[in-house]
Amino acid sequence: MSFFLTYVLVATALFAFTAVFTLFALYSERKISAFIQDRLGPMEVGKYGSLQAFADILKMLQKEFIIPTAADKILFILAPTVIFVSVYLGFAALPWAPGLIPASLNLGIFYIFAILSVETLGILMAGWGSNNKYALLGSMRSVAQMVSYEIPAGIAIISVVMISQSLNLQEISIKQGILSPDTMKFLGLWDVKSIGGFLSWNIFQAPHLIIAYLIYFIASLAECNRAPFDIPEAESELVAGFHIEYSGLRFAFVFLAEYSMMFLVGMIGVVMFLGGWNSPLPNIGSVKLATLTTGLGWGIFWVLMKTLTVVAVQIWIRWTLPRLRVDQLMSLCWKVLTPLAFLCMLISGIWQLTVMQN
Amino acid sequence: MSSEQIIFYFFAAMVLISALLVVSIHNLVRSIFLFFVTLFSLAALYVFAFADFVAITQVVIYVGGVLVLMLFAFMLSNKELLSKINPVKGIIRVNHIVAILVCTLFLFILLNVIIKADFESLSWIKTADQINGKDNTVHQIGIQTMTRYLLPFEVLSVLLLMALIGAAHLARKEKKV
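In order, the protein sequences belong to chains Y and B.
Mind the numbering: the first sequence is residues 1 to 358 in my numbering, read in order.
Mind the numbering: the second sequence is residues 1 to 177 in my numbering, read in order.
Excised from the complex, chain B in its bound form (with noise of 0.2 Å):
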């Protein structure tokens, strides 16, 4: 094996167990830094593919943005609202039968998709352009941004101007009646 498979190798060992271990630990506080040894490493993985900028923007938003806030979201809650939460111990019990059903379900759509689309033969596969290490990525994404992808980036932004509007709404002091 190349020093690179095995460098792969570790960072998607990484990502499995820290992802196993966020889902399966008890203490939640825990899980949520696992989830960022998850996130990292996955970060990594796509640094693998050449896509140092999903690389990082991965770190962005889910390190510095939502992970802050889902731990900000849990010290903030009432302790007593988290003790109700009782974490059964045991993997197969009558309330889980749901959830492993619908994992299950998700998994084998997963494969599905993933053994029907063939992806070294698809066209636009074969047809795209290689990129090496050295290529500027962040002039092609902006290009393509700008002009390809403009109407998606526009619908996004105002989606998110949404979404901001209604967060400072929920925010605001209600008036006295």
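Bound conformation, chain Y alone (with noise of 0.2 Å):
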């Protein structure tokens, strides 16, 4: 019985994470805008305006439901469900510390692709069943972009599984440490094994994967909806797009998707190319600072610190750049990114077969 209680306080704690996580990036995001903006963002509630996400959220908790009239009910009510619950099911297969990962899955990365694509039917369900011109058209604006962007995203980590020989993340992590069993090799020259720290990670082992994980974190953005791939709710055209007649908590919900998605893209991105929780610190001679600083609580530090990185990085991009156009975003991922990622799959073929192998 403890073994399914486990999994029952496992589940809970993700879901607690990404709630919190959702409340603290809500604060930063306006915190970040606000000072790329020059302007102080909210300042009124707690000191510096701490308090402010909490009070969004006890707006939203108070507000009514509200279903129009000519909605589709059913589909209506189910969609935040199902946006949330597809994105949030993908974090049971993400590996936070030596030893610490949900559930260790031999096809991790394959799973965690195919449960996001579930949150595609979510956001038609969303679009349709709010029988509103701009959410339909948000709806599939979004998922014409999620779905072509899903294959140089695809494409980029298949490189990586190339020269990582694994779908298992918990195997890709640690083959980019000191606690890799194989030899590893810094730009496929200089071996690091016992050195460790960045030198090991994925971008450095195969240097074709820096352009590898660019085109992921792009296709990312373009998945996560948003800027400057944010068509799919484009205020200036689409209100909101296909989130613009929830209300209350189902609109609480599907920005908590919103947000818990920024992080999981991420934190892909951070496991696959970034050496997930392994230390940036290198061994130097006898400092063993890579030894020191890798285990549990300094890995679940690492990936924290890496993921929250790259998620201000998504922020900050949201708020500098502007909106790209249909037919720039449908070029750029088909004429740029999509060959680039083919590209990087060829050269880790042959690096795989010529450079590691030896």
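Warning: the hint list may mix true and false statements.
As the list claims (entries may be wrong) - Example chain B residues on the side facing chain Y (calculated, C-beta under 7 Å, incomplete):
| id | residue |
| --- | --- |
| 1 | Asp52 |
| 2 | Ile56 |
| 3 | Val60 |
| 4 | Ile61 |
Honestly, the hints are just simulated from the structure, not real lab data.
Bear in mind that the values here come from a model prediction, so they are computed numbers and not experimental data.
Beta carbons are placed, not taken as given, at the ideal position from N, Cα and C, and that holds for glycine.
Put the two chains together into one complex, using the hints given.
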């Protein structure tokens, strides 16, 4: 029985984490956007507006559930749950520290990709169920964008899988640090098995993965529907896109899904390319920094720090770049990112056969 | 009943009930979304058969690809075209007879195959290796695809390439003469 109890506890902890993360991300998004636009941002609620996110949540909790008369009620009510649950299920296979992973699946990364594709269905449900032309247009744009950008993201990830020779996210993490059983070479030249640190991250083990990471990062922005890829929400054209008709807690769930998605795609990128829970500090001679800073607590610390940095960059980009047009969006995906991702995959194969096998 | 059996029967019931609803419901969009429940529960049944790769591929291809395509086709099609397809109320109608006949025959063929095949005494099933839940099935699938099933794999990829070229050709703008 305790077996099932641990699963329930882990699931609850992950849910609590996504909720807390969303609160902090909301606050930081407002503060960072304010900084970029030379404003102060929220200042009234609490010291420096630090309680603003809690005030927002309280407001959301009190609001009425409004269902439009012409809406398809079942689809309308179910959609936010489907959207959030599909993102939340993805968290099940992410490794947090050596030996700490909710579900160590052999097919980890493939599973996450599969389960994230359910989100597109939830967005279509929301768009159709609302019976609103803005919502429908927004959801169509969103799905078209997500389906197209899944391809470069997927191929960039495959090029990592070819280097790591595993789909299990925990194994991919292990192979990027001092706990690795195999030899690792910095840029394919210098054996860094006992040195570790950032030198043994995937992007430095095989330098073409830096390009793969950029492709993945751009595609992940598009999958989160965030600026510069926010045509599904384009305020000036579609008011708010697919979640225009939602109010109260249902709207909060859509928001929760968006921010959890940001964290999830950021963390996938960190685990696949930036060493996961491995410490960025290398062993220098007798100063064993990498050995010292690898462990359960340190693992969680590093993975959180790296992912939060990636999320901060996502926010930064959202508030600096203008929105892409639909045709620019599609030509970027199909004419630039996809061929480059294929090239990365090809180089990965050659790299694996020539450099890493020796 | 053990908890595994309860979960299995739960998903089996989900598949059957949702599949029946998919064909009987009059609202087309809802039936497509219900189809998602069918496919997802089917994926759960694949997991029970230790076919985790097949289960996840099922979700990727059917949920992420085919269902979204169906929804797009539905949403982009003409409203007047759809209103012409008025579903007839009631199950037994003259225009249903053919369909019922075909379905019954097909069911008969399927049952016949299942009974006559006698799966438990087939030689290749008896000699097959047992797998357990911890095995890395992808490894095996990769090796088998590249050795034993290389020809079907390559033929399939050529077929998909043909479909891709065909789609690109159809979508291309006609040259002005």
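Hints, one by one, checked against the model:
Hint status for B:Asp52 relative to chain Y: holds, with the closest Cβ pair at about 6 Å, below 7 Å. Checking B:Ile56 against chain Y: minimum C-beta separation of about 5 Å stays under 7 Å; hint holds. For B:Val60, the shortest C-beta to C-beta distance to chain Y is roughly 5 Å, which falls under 7 Å, so the interface hint holds. The criterion of a C-beta within 7 Å of any C-beta in chain Y is not met by B:Ile61, whose closest approach is roughly 9 Å, and the hint is violated.
Going down the numbered hints, you'll see the structure goes against just number 4.
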